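Here is how the chains run, residue by residue.
2 protein chains.
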Amino acid sequence: MPEPQLVPRVERHAEAVWHGSSARGSGVLSAGSSGAFGGLEYSEPSRIAAPDGQTSPEELLAAAHAACFSMSLAAELTRAKAPPERLSVRATTVLDEVPGAAGHRIVESIVTVRARAGVERGAFDEVVRAADEGCPFSNLIKASGTVTIDAKLDEGGTADGD
Amino acid sequence: MPEPQLVPRVERHAEAVWHGSSARGSGVLSAGSSGAFGGLEYSEPSRIAAPDGQTSPEELLAAAHAACFSMSLAAELTRAKAPPERLSVRATTVLDEVPGAAGHRIVESIVTVRARAGVERGAFDEVVRAADEGCPFSNLIKASGTVTIDAKLDEGGTADGD
Chain A
23 MPEPQLVPRV
33 ERHAEAVWHG
43 SSARGSGVLS
53 AGSSGAFGGL
63 EYSEPSRIAA
73 PDGQTSPEEL
83 LAAAHAACFS
93 MSLAAELTRA
103 KAPPERLSVR
113 ATTVLDEVPG
123 AAGHRIVESI
133 VTVRARAGVE
143 RGAFDEVVRA
153 ADEGCPFSNL
163 IKASGTVTID
173 AKLDEGGTAD
183 GD
Chain B
23 MPEPQLVPRV
33 ERHAEAVWHG
43 SSARGSGVLS
53 AGSSGAFGGL
63 EYSEPSRIAA
73 PDGQTSPEEL
83 LAAAHAACFS
93 MSLAAELTRA
103 KAPPERLSVR
113 ATTVLDEVPG
123 AAGHRIVESI
133 VTVRARAGVE
143 RGAFDEVVRA
153 ADEGCPFSNL
163 IKASGTVTID
173 AKLDEGGTAD
183 GD
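Residue numbers (the numbering used here), protein chains in the order written: chain A, 23 to 184; chain B, 23 to 184.
If you are wondering where the hints come from, they were derived from the structure by calculation, not from laboratory data.
Model, not experiment: these values are computed from the prediction.
Some hints could be false.
Identical copies carry no separate label here, and so any pair may be met within one copy or between two of them.
Here are the simulated lysine to any residue pairs, SDA-like style, with alpha carbons at most 25 Å apart [to be verified]:
1) K174 <-> R151
2) K103 <-> T168
3) K174 <-> P121
4) K103 <-> H41
5) K174 <-> S48
6) K103 <-> G60
7) K103 <-> P121
8) K174 <-> R46
Looking at chain A on its own, in the form it has when it is part of the complex:
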């Protein structure tokens, strides 16, 4: 099979169906492009109080940023001839009130990375910086908020066991 070619423009869609008032209603999400998920419930209580088994827009953005960052970091490590054995990325989306804005805003994404890859610490820090600069979701969030990154190599991740 040929390698996939990077096309300039990519579109992906998803569907939400909501019933009822904002406080007492609820909705269901499905992945329109891939079919990878469906029947994912969300509601106002799950969003602003306890998640209680239901997802939220903020949790989905956290998943999107974690996925995007991991792919961007894998690409930079591959470019540095050190494709990762394993990357573990957690993203935390922060929704908060902002002075002067009506309603809440996405103010921050906190990214925690643990990497197992054959690269030294100094090179790794540079690779993480490049991964952040190239990740479309880091750029999306930085346009109105902050991206905070804590990235470390796993012990035993480099060739000399450091």
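Model the placement of chain B on the given structure of chain A, informed by the hints.
Using the frame of chain A, we list chain B on its own:
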């Protein structure tokens, strides 16, 4: 049970685990806050070529925007004393090259809404505008791109059958 109170700051997190090079590796996502999803696969081919049953950061953002918009619209309709019977929201995330930017960017979200609610067309248009202004994800995307909205009342959606 008491109504949930809107707290100023909300955090939601998710996890990604990636193995291998950018082109041939793949990752798995899970919902860290709610547990609502897990084992969701993603890869570079699914992101830039055919989705093929795997999700992508862009599809997850589409789900987040669709969910956020539906909740914001439900809130505005509830405020207008016309809580919706049903809202159907599709969001399409567009990833594209941008002149001067390294790599791709999220350039647009296209939102299509069909609403069944007891509100007249003129009032509905105003409610949709307010929903967009109040939706944190519309604001996130507008900080660096465009949000395009096509919103219609279902036939039979208003009290007079219009």
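Consistency of the hints with the structure:
no. : hint          : result
1   : K174 <-> R151 : within (12 Å within a copy, 44 Å between copies)
2   : K103 <-> T168 : neither (30 Å within a copy, 37 Å between copies)
3   : K174 <-> P121 : neither (34 Å within a copy, 33 Å between copies)
4   : K103 <-> H41  : between (51 Å within a copy, 15 Å between copies)
5   : K174 <-> S48  : between (39 Å within a copy, 20 Å between copies)
6   : K103 <-> G60  : neither (38 Å within a copy, 30 Å between copies)
7   : K103 <-> P121 : neither (46 Å within a copy, 28 Å between copies)
8   : K174 <-> R46  : between (43 Å within a copy, 23 Å between copies)
The structure shown violates the earlier hints numbered 2, 3, 6 and 7.
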